[in-house]
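Enquirer: The chain contents come next:
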Amino acid sequence: MTDLSKTHEATPATGGAFLSVRDLKVHFSTSDGIVKATDGLSFDLERGKTLGIVGESGSGKSVSSSAIMGLHRGTNAKLSGEILLDGVDLLKVSNEEMRKRRGRDVAMIFQDPLSAMHPYYTVGNQIMEAYQVHNDVTKREARKRAIEMLDRVGIPQPDRRVDDYPHQFSGGMRQRAMIAMGLINNPSLLIADEPTTALDVTVQAQILDLLQDLQRDFDAAVIIITHDLGVVAEMADDVLVMYAGRAVEYGPCKEILTHPQMPYTWGLLSSVPDLTASTEAKLLPIRGNPPSLLNPPPGCAFEPRCDHVAKVGGDLCRTTLPDLTPATSGGNHTKRCHIKNADKVYEAEILPEIAPDLVED
Amino acid sequence: MVAYIIRRVIVGLLMLVAMSFIVFALFMKNPVDPAQFSCGRNCPPERIEETRQALGYDQPLMVQWSSFLKGVVVGREYPADEKMREANPELVTECAAPCLGFSQQLQMTVNEEIAEAAPISISIALVAVVIWVIFGVLFGVLAAVFKGTLVDRGVVGATLSLYAFPTFFVGALLINFVAIKWGLFPAPGYVPIAEGGVGQWLLQLLLPGFTLAAVYMAGYVRMTRAFVLESMSEDYIRTARSKGVKGGKVLFKHALRAALTPLVTMFGLDFAAVLGGAIITEEVFNYYGLGKLAVTANETFDLPTIVGLVLLLGALVIVANIIVDILYAFIDPRVRVA
Ligand SMILES: Nc1ncnc2c1ncn2[C@@H]1O[C@H](COP(=O)(O)OP(=O)(O)OP(=O)(O)O)[C@@H](O)[C@H]1O
Ligand code: SF4
Ligand SMILES: [Mg+2]
Chain A
1 MTDLSKTHEA
11 TPATGGAFLS
21 VRDLKVHFST
31 SDGIVKATDG
41 LSFDLERGKT
51 LGIVGESGSG
61 KSVSSSAIMG
71 LHRGTNAKLS
81 GEILLDGVDL
91 LKVSNEEMRK
101 RRGRDVAMIF
111 QDPLSAMHPY
121 YTVGNQIMEA
131 YQVHNDVTKR
141 EARKRAIEML
151 DRVGIPQPDR
161 RVDDYPHQFS
171 GGMRQRAMIA
181 MGLINNPSLL
191 IADEPTTALD
201 VTVQAQILDL
211 LQDLQRDFDA
221 AVIIITHDLG
231 VVAEMADDVL
241 VMYAGRAVEY
251 GPCKEILTHP
261 QMPYTWGLLS
271 SVPDLTASTE
281 AKLLPIRGNP
291 PSLLNPPPGC
301 AFEPRCDHVA
311 KVGGDLCRTT
321 LPDLTPATSG
331 GNHTKRCHIK
341 NADKVYEAEI
351 LPEIAPDLVE
361 D
Chain B
1001 MVAYIIRRVI
1011 VGLLMLVAMS
1021 FIVFALFMKN
1031 PVDPAQFSCG
1041 RNCPPERIEE
1051 TRQALGYDQP
1061 LMVQWSSFLK
1071 GVVVGREYPA
1081 DEKMREANPE
1091 LVTECAAPCL
1101 GFSQQLQMTV
1111 NEEIAEAAPI
1121 SISIALVAVV
1131 IWVIFGVLFG
1141 VLAAVFKGTL
1151 VDRGVVGATL
1161 SLYAFPTFFV
1171 GALLINFVAI
1181 KWGLFPAPGY
1191 VPIAEGGVGQ
1201 WLLQLLLPGF
1211 TLAAVYMAGY
1221 VRMTRAFVLE
1231 SMSEDYIRTA
1241 RSKGVKGGKV
1251 LFKHALRAAL
1261 TPLVTMFGLD
1271 FAAVLGGAII
1281 TEEVFNYYGL
1291 GKLAVTANET
1301 FDLPTIVGLV
1311 LLLGALVIVA
1321 NIIVDILYAF
1331 IDPRVRVA
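Going line by line, the protein sequences match chains A and B.
The opening position of the first sequence corresponds to residue 1 in this note's numbering, with each subsequent residue numbered one higher.
The opening position of the second sequence corresponds to residue 1001 in this note's numbering, with each subsequent residue numbered one higher.
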């Protein structure tokens, strides 16, 4: 199993992080107009670190990660900005070059492992394919490697199960197999798009543990996309909160969870049941619905659903899009909100609601 | 699987028995007198009565039907007349099991009629099927890959206009221009393999085969296009692409494989239907296959032939369905139950 943990030669990227996304925009031109699914997204990620991207359905999480995978090529999507992976702009490489990088440098696992696997091919066949695309090996070698990977992700009797079809696997095993498929080429970046949403709660924890464990072995950068701040709290080093195609709050995980400074993040925290394990905590879903990404209004996209507009005063929230500015608590924490003393508002109004026992301490 | 197939065959046989009864009942309750037709146009009334008795048309429906079934199982003789067999055995026709009946009009057993006509229909059907499946799937995939472009519209438009022309028109066009005027093909006429070899046989079948295929091609192009587009939007295609699999392999290994299931269903039923005779094509090219036999039998009210053909077609459809189900198990591992 020595080659499983083999590390890539570390070529230091000139001046930037290992993965550096700069002002990424993904716009779809549809018959109704331009859908700005991702609109100016920037973040950095180092090897061995995990970025959690959270946000409601439709906030552009999957569209953004598909952009990193180059999966929008050949569609009606218009991309701009930069995606620098180890110094190479993935938006500028040729289609063939991007294809070669897919699965080798960047890999992705998806939400529903049942539909993400081809029902007509064995699990082993599909994992072997991922290996054979990028390595000139015989079928026997590929099969051996696939069994090795299945063993590594915790599939019992991997030499037998390798010939099973996806429908013969349980949900958790399928996701393990998808992880094996994603990691078989030692990618330096792994994107997990809601990897546990379709699974039982008990299985969710196992899959997350496995991902963390493998990340240490492979020294990969991981982007984990989720609706669930609990997952973020457990996995992520950094957190990016997305709303309507934009980052609305971004910073170290601990900072974001303890000093959130943007009302949408507050809303997300209020809707997590077990973050503080307090019995008195109230579960408050965010009222209203996410906005349309067609012709968004000029102001803050969260304005129609925000309970704190009055604290800003005037028409500012409705007319002017707030910039992503450093949060008052400092560090690398940035937020997109006009409220001046957000830290205080959080402590005075939000914290007592969601975690009363924390306030008393 | 084996138990499942046996069950399907038994159900199929029961369906055939029921079908034969329905056809019998419909004909007996028909205002037209079958005896009149069997006897001929200028038949005197007492001859009609005689014919009726000789053919058993005077007997109740159940009796006629059960002697038909008995013929299928053990065979029978026409006419079933003890005295006649002793006096002039050469007038009695032996019809071995599975005997489908005896046609008074054609003076031969239905089995013999089918044995003569079936090879012609099967030959046309085979050639047509190969043409329409190859080109239908090919053009369908092409249209799907180039969705929304000129290629897509061109392919779909061309096959659709071919479909819009009536079969007799396409056939007549091919005979008059391609075969007669330009002399690119020999004049139509069926040549069995035994007489002219495979080459000659195939050459004589290309025009009628294409004529028949023209009708089905458009459907296969559109269906293949739709099925491929549908499977291209599946999650597992995204998985394959994110593994770095090349575009061609994504299309053929992943997308087309999934599109195969519905295509096989369509194919099974269509193939069974054309095996049972292509009426217009056979008529236009004057190939005496099962289709033409059916038309003649209908015109002359040849009950035994009609019953035989209906049952043959029914059996083909049932067999095709069973084969399709077995194929499913090969294509889709989820169907492969223990
Ligand atoms: N091809 C496309 N054409 C037009 N709009 C699209 C296209 N693909 C995605 N969108 C839109 O982009 C938006 C963002 O979608 P995305 O799938 O990224 O959301 P998400 O944050 O991943 O949500 P979820 O949590 O439900 O997975 C959605 O509103 C969607 O309708
Ligand atoms: S900018 Fe205004 S509307 Fe937007 S989140 Fe802040 S307070 Fe609410
Ligand atoms: Mg998504």
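Honestly, I wouldn't trust all of these hints.
Taking lysine to aspartate or glutamate pairs in the EDC-like style, the calculated list, with each CA pair at most 20 Å apart, reads [stated by the list, open to error]:
id	chain 1	residue 1	chain 2	residue 2
1	B	1249	A	148
2	B	1253	B	1283
3	A	139	A	159
4	A	92	A	23
5	A	49	A	217
6	A	92	A	112
7	A	78	A	23
8	A	36	A	46
9	A	139	A	151
10	B	1253	A	164
11	B	1246	A	159
12	A	78	A	39
13	B	1246	A	105
14	A	36	A	82
15	A	254	A	44
16	B	1246	A	136
17	A	25	A	56
18	A	36	A	303
19	B	1070	B	1082
20	B	1246	A	96
21	B	1083	B	1050
22	B	1029	B	1049
23	B	1249	A	97
24	A	144	A	112
25	B	1249	A	136
26	A	92	A	136
27	B	1253	A	96
28	A	340	A	303
29	A	340	A	323
30	B	1253	A	23
Quick look at which bits of chain B chain A covers, simulated, 3 or more residues with Cβ under 8 Å [said to hold, decoys possible]:
id	stretch
31	1167–1178
32	1249–1262
33	1323–1336
If you're looking for bench data, these hints aren't it; they were derived computationally from the structure.
Backbone N, C-alpha and C define an ideal beta-carbon position, used for all residues, glycine too.
Enquirer: All hints, please: hold or fail.
Expert: How the hints compare with the structure:
{"no.": "1", "hint": "1249(B) to 148(A)", "verdict": "25 Å, violated"}
{"no.": "2", "hint": "1253(B) to 1283(B)", "verdict": "42 Å, violated"}
{"no.": "3", "hint": "139(A) to 159(A)", "verdict": "14 Å, holds"}
{"no.": "4", "hint": "92(A) to 23(A)", "verdict": "15 Å, holds"}
{"no.": "5", "hint": "49(A) to 217(A)", "verdict": "12 Å, holds"}
{"no.": "6", "hint": "92(A) to 112(A)", "verdict": "30 Å, violated"}
{"no.": "7", "hint": "78(A) to 23(A)", "verdict": "13 Å, holds"}
{"no.": "8", "hint": "36(A) to 46(A)", "verdict": "27 Å, violated"}
{"no.": "9", "hint": "139(A) to 151(A)", "verdict": "18 Å, holds"}
{"no.": "10", "hint": "1253(B) to 164(A)", "verdict": "18 Å, holds"}
{"no.": "11", "hint": "1246(B) to 159(A)", "verdict": "28 Å, violated"}
{"no.": "12", "hint": "78(A) to 39(A)", "verdict": "11 Å, holds"}
{"no.": "13", "hint": "1246(B) to 105(A)", "verdict": "16 Å, holds"}
{"no.": "14", "hint": "36(A) to 82(A)", "verdict": "17 Å, holds"}
{"no.": "15", "hint": "254(A) to 44(A)", "verdict": "17 Å, holds"}
{"no.": "16", "hint": "1246(B) to 136(A)", "verdict": "15 Å, holds"}
{"no.": "17", "hint": "25(A) to 56(A)", "verdict": "19 Å, holds"}
{"no.": "18", "hint": "36(A) to 303(A)", "verdict": "18 Å, holds"}
{"no.": "19", "hint": "1070(B) to 1082(B)", "verdict": "17 Å, holds"}
{"no.": "20", "hint": "1246(B) to 96(A)", "verdict": "9 Å, holds"}
{"no.": "21", "hint": "1083(B) to 1050(B)", "verdict": "16 Å, holds"}
{"no.": "22", "hint": "1029(B) to 1049(B)", "verdict": "18 Å, holds"}
{"no.": "23", "hint": "1249(B) to 97(A)", "verdict": "17 Å, holds"}
{"no.": "24", "hint": "144(A) to 112(A)", "verdict": "26 Å, violated"}
{"no.": "25", "hint": "1249(B) to 136(A)", "verdict": "17 Å, holds"}
{"no.": "26", "hint": "92(A) to 136(A)", "verdict": "26 Å, violated"}
{"no.": "27", "hint": "1253(B) to 96(A)", "verdict": "19 Å, holds"}
{"no.": "28", "hint": "340(A) to 303(A)", "verdict": "16 Å, holds"}
{"no.": "29", "hint": "340(A) to 323(A)", "verdict": "13 Å, holds"}
{"no.": "30", "hint": "1253(B) to 23(A)", "verdict": "37 Å, violated"}
{"no.": "31", "hint": "1167–1178", "verdict": "violated (count 0)"}
{"no.": "32", "hint": "1249–1262", "verdict": "holds (count 3)"}
{"no.": "33", "hint": "1323–1336", "verdict": "holds (count 4)"}
Violated hints for the displayed structure, listed by number in ascending order: 1, 2, 6, 8, 11, 24, 26, 30 and 31.
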